[in-house]
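Per the UniProt record's numbering, the very first residue in the sequence shown carries number 1; after that it's consecutive.
Keep in mind that the hints are not guaranteed to be accurate.
[Unchecked claim] Have a look at the derived ranges for each label pair, beta carbon to beta carbon:
id, residue 1, residue 2, range
1, Val-40, Phe-208, 41 to 47 Å
2, Arg-191, Arg-340, 43 to 49 Å
3, His-402, Val-40, 51 to 57 Å
4, Arg-191, Ala-244, 51 to 57 Å
5, Ala-58, Pro-37, 34 to 40 Å
6, Ala-97, Ile-278, 25 to 31 Å
7, Arg-340, Leu-259, 50 to 56 Å
8, Ile-278, Leu-48, 45 to 51 Å
9, Thr-170, Glu-287, 39 to 45 Å
10, Ala-446, Thr-399, 27 to 33 Å
11, Ala-180, Pro-82, 41 to 47 Å
[Claimed, not checked] Simulated crosslink set (DSSO-like; lysine-lysine; CA at most 30 Å straight-line):
id, residue 1, residue 2
12, Lys-447, Lys-422
13, Lys-415, Lys-447
14, Lys-294, Lys-415
15, Lys-404, Lys-422
16, Lys-415, Lys-401
17, Lys-415, Lys-404
18, Lys-426, Lys-447
These aren't lab readings, by the way, just hints derived from the structure by calculation. The beta carbon of each residue, even a glycine, is placed where N, CA and C say it ideally should be.
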Amino acid sequence: MRTKHLIPNHAAGLTYAARDHAAREDFGGGDPFEGFPDAVLGLIASKLPFRSAVAASAISRRWRGAAAAAPALDIDFAAAFPAAPRRRAAFAAAATAALAPPSPHPHPLRSLRLALEGLFDQAFAAAAAGHLASWLAAAAARGLEWLELRLPRSRLAVLPPSLLSCTGLTSLTLRLDHYALPLPSLAPFTRLSRLHLASVSLTRDDDFFGDLLSHCTELRYLILEQCRIVALRLVGPSRLRSLAITDCSWTQESSLAVLEMPELRTLRYSGAMATRHIIDGDVSLDEVLLAIEKPQVKPREATLRELLTSVGNVRSLLLSPWCIEQFARAEEGLKVRLDRVRRLSCIIERREEGALSIAPLLSNCRNVEELCVSVVPSQGKRRWCSDGECRVPRGKGVTVKHLKGVSMQYIDESKSGLELVKILLKNAPALETMNIVPSMDGLEQAKFRRRVLKFRMSSQNASIQFCTAG
1 MRTKHLIPNH AAGLTYAARD HAAREDFGGG DPFEGFPDAV LGLIASKLPF RSAVAASAIS
61 RRWRGAAAAA PALDIDFAAA FPAAPRRRAA FAAAATAALA PPSPHPHPLR SLRLALEGLF
121 DQAFAAAAAG HLASWLAAAA ARGLEWLELR LPRSRLAVLP PSLLSCTGLT SLTLRLDHYA
181 LPLPSLAPFT RLSRLHLASV SLTRDDDFFG DLLSHCTELR YLILEQCRIV ALRLVGPSRL
241 RSLAITDCSW TQESSLAVLE MPELRTLRYS GAMATRHIID GDVSLDEVLL AIEKPQVKPR
301 EATLRELLTS VGNVRSLLLS PWCIEQFARA EEGLKVRLDR VRRLSCIIER REEGALSIAP
361 LLSNCRNVEE LCVSVVPSQG KRRWCSDGEC RVPRGKGVTV KHLKGVSMQY IDESKSGLEL
421 VKILLKNAPA LETMNIVPSM DGLEQAKFRR RVLKFRMSSQ NASIQFCTAG
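My request is simple: use the sequences and hints to build the entire structure.
What follows is the structure, encoded as structure tokens:
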């Protein structure tokens with residue numbers, strides 16, 4: 001097919017090539033990116049995946065040093081070469097060029113994420129360990145402040161000594177796959193304010209946290225995720241404000257001790273639970289999340305009660321289904337007073353007595369002002385007790401005089417679900433809004449709405465709203 005007629009004035013030499021040449025002449029005949037400062041090109045490269053930032057060097061000569069000028073780098077081997085895992089040498093060369101440029105005055109590097117899963121192959125593991133040490137040394141020379149390091153499970157995937165040269169770090173995240181070696185002392189990180197440890201082992205004889213709190217006086221946030229803990233002892237004085245223990249595994253005779261933490265305000269405790277808890281009475285918490293799972297072995301009867309007595313009486317409290325279930329046992333739960341709680345969040349299971357199981361808990365939280373209830377699926381709709389009968393807790397004696405706002409997500413039309421709505425409307429004279437997200441659709445939702453609107457309300461100004469999503 002002839003296409004000359006599609007290009008106007010082709011005979012006069014006005015082709016697409018001539019047009020592009022004229023456009024380059026308008027820029028002075030040079031590279032249109034020549035006028036861009038290094039800081040601008042580096043900022044653009046920092047917003048791109050590492051593979052794209054390296055490939056940008058093919059645009060023009062001006063882009064060849066863009067990755068080295070980026071203030072933030074996300075270097076992920078698995079994401080850079082998902083279909084070609086054998087290109088380890090090419091990845092290492094690109095990372096070295098971005099982190100350790102030959103320039104005598106390298107640009108500052110504020111944030112670095114190194115995810116090296118798959119890089120420590122048997123034949124490349126020794127070279128990868130050497131590259132890791134040089135990368136961290138180069139990042140330290142550029143004034144690194146935020147570091148996230150992910151190492152795979154390998155005999156040679158260890159923390160290099162050059163890590164301690166990053167003395168300007170303010171945030172450090174170490175995700176180490178089953179890292180069995182002792183952690184090095186973080187005493188050089190005097191500016192560290194946030195520490196996140198994942199998949200490490202903490203022994204009883206290890207004084208890692210004692211050394212950490214004594215030298216890192218600026219530490220505010222401590223996160224432990226999927227760690228294997230024998231004993232966790234946090235003794236101040238310290239300015240720690242937030243402590244998160246997420247999905248950690250504890251040994252049979254484990255313990256958690258928090259002492260002399262006057263500025264600690266937030267505690268997030270989820271997953272398994274330690275055998276003993278020692279919480280200093282001077283700790284004044286404002287927000288507590290207890291998403292503890294039901295243990296496989298029945299714990300001491302006083303373990304959870306001691307924990308709730310120490311940290312439960314806070315302004316904001318979130319409880320998991322198993323923690324709520326302990327309050328349904330009158331011989332234990334009603335002994336814990338939660339008069340300071342102003343915001344209460346409950347995660348309950350979808351079963352016959354699930355929604356109404358928070359009634360004994362509400363009896364303890366007499367001054368609660370905001371209530372959030374979220375229903376999650378369970379193994380079955382009924383929970384059978386040891387004698388074969390399911391006991392549904394009663395809602396008698398529930399007084400929530402200060403309750404102003406209620407949010408209920410995925411409440412169904414079961415007896416306990418409707419009974420809980422009825423109890424709240426009847427015993428909350430200060431109620432202003434109630435937002436309900438039913439778990440059914442269509443006609444069943446309309447039927448549920450008509451039944452709720454027929455309930456007697458003690459508050460004249462209460463507004464009930466039904467939403468389709470939370």
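**Message:** Given the hint of 25 to 31 Å, is the C-beta distance from Ala-97 to Ile-278 inside that range or not?
**Reply:** violated (51 Å)
**Request:** Hint says 51 to 57 Å; check whether the CB-CB distance for Arg-191 and Ala-244 agrees.
**Result:** violated (21 Å)
**Consistency of beta-carbon spacing, Pro-82 to Ala-180, with hint 41 to 47 Å** = violated (29 Å)
**Message:** Need the status of pair Lys-404, Lys-422: alpha-carbon distance at most 30 Å?
**Reply:** Satisfied, since the Cα-Cα distance of roughly 15 Å is no more than 30 Å.
**Request:** Sort out whether Lys-401 lies within 30 Å of Lys-415, counting only the CA atoms.
**Result:** holds (24 Å)
**Arg-191 paired with Arg-340, Cβ distance criterion 43 to 49 Å** = violated (35 Å)
**Asked** Does 41 to 47 Å hold as the CB distance between Val-40 and Phe-208, or does it fail?
**Response** At roughly 42 Å between Cβ atoms, Phe-208 and Val-40 fall inside 41 to 47 Å, so the hint holds.
**Request:** Take a look at whether the Cβ-Cβ distance between Ala-446 and Thr-399 falls inside 27 to 33 Å.
**Result:** holds (32 Å)
**Prompt:** Is the hinted range of 34 to 40 Å satisfied by the C-beta distance from Ala-58 to Pro-37?
**Reply:** Once the Cβ atoms are compared, 21 Å apart, the range 34 to 40 Å for Pro-37 and Ala-58 is violated.
**Item:** Range agreement (Cβ of Glu-287 with Cβ of Thr-170, hint 39 to 45 Å)
**Value:** violated (23 Å)
**Prompt:** Taken at face value, is the distance from the CA of Lys-404 to the CA of Lys-415 at most 30 Å?
**Reply:** holds (24 Å)
**Item:** Cβ distance range 51 to 57 Å for His-402 and Val-40, holds or violated
**Value:** holds (55 Å)
Checked against the numbered hints given earlier, the structure breaks hints 2, 4, 5, 6, 7, 9 and 11 and satisfies all the rest.
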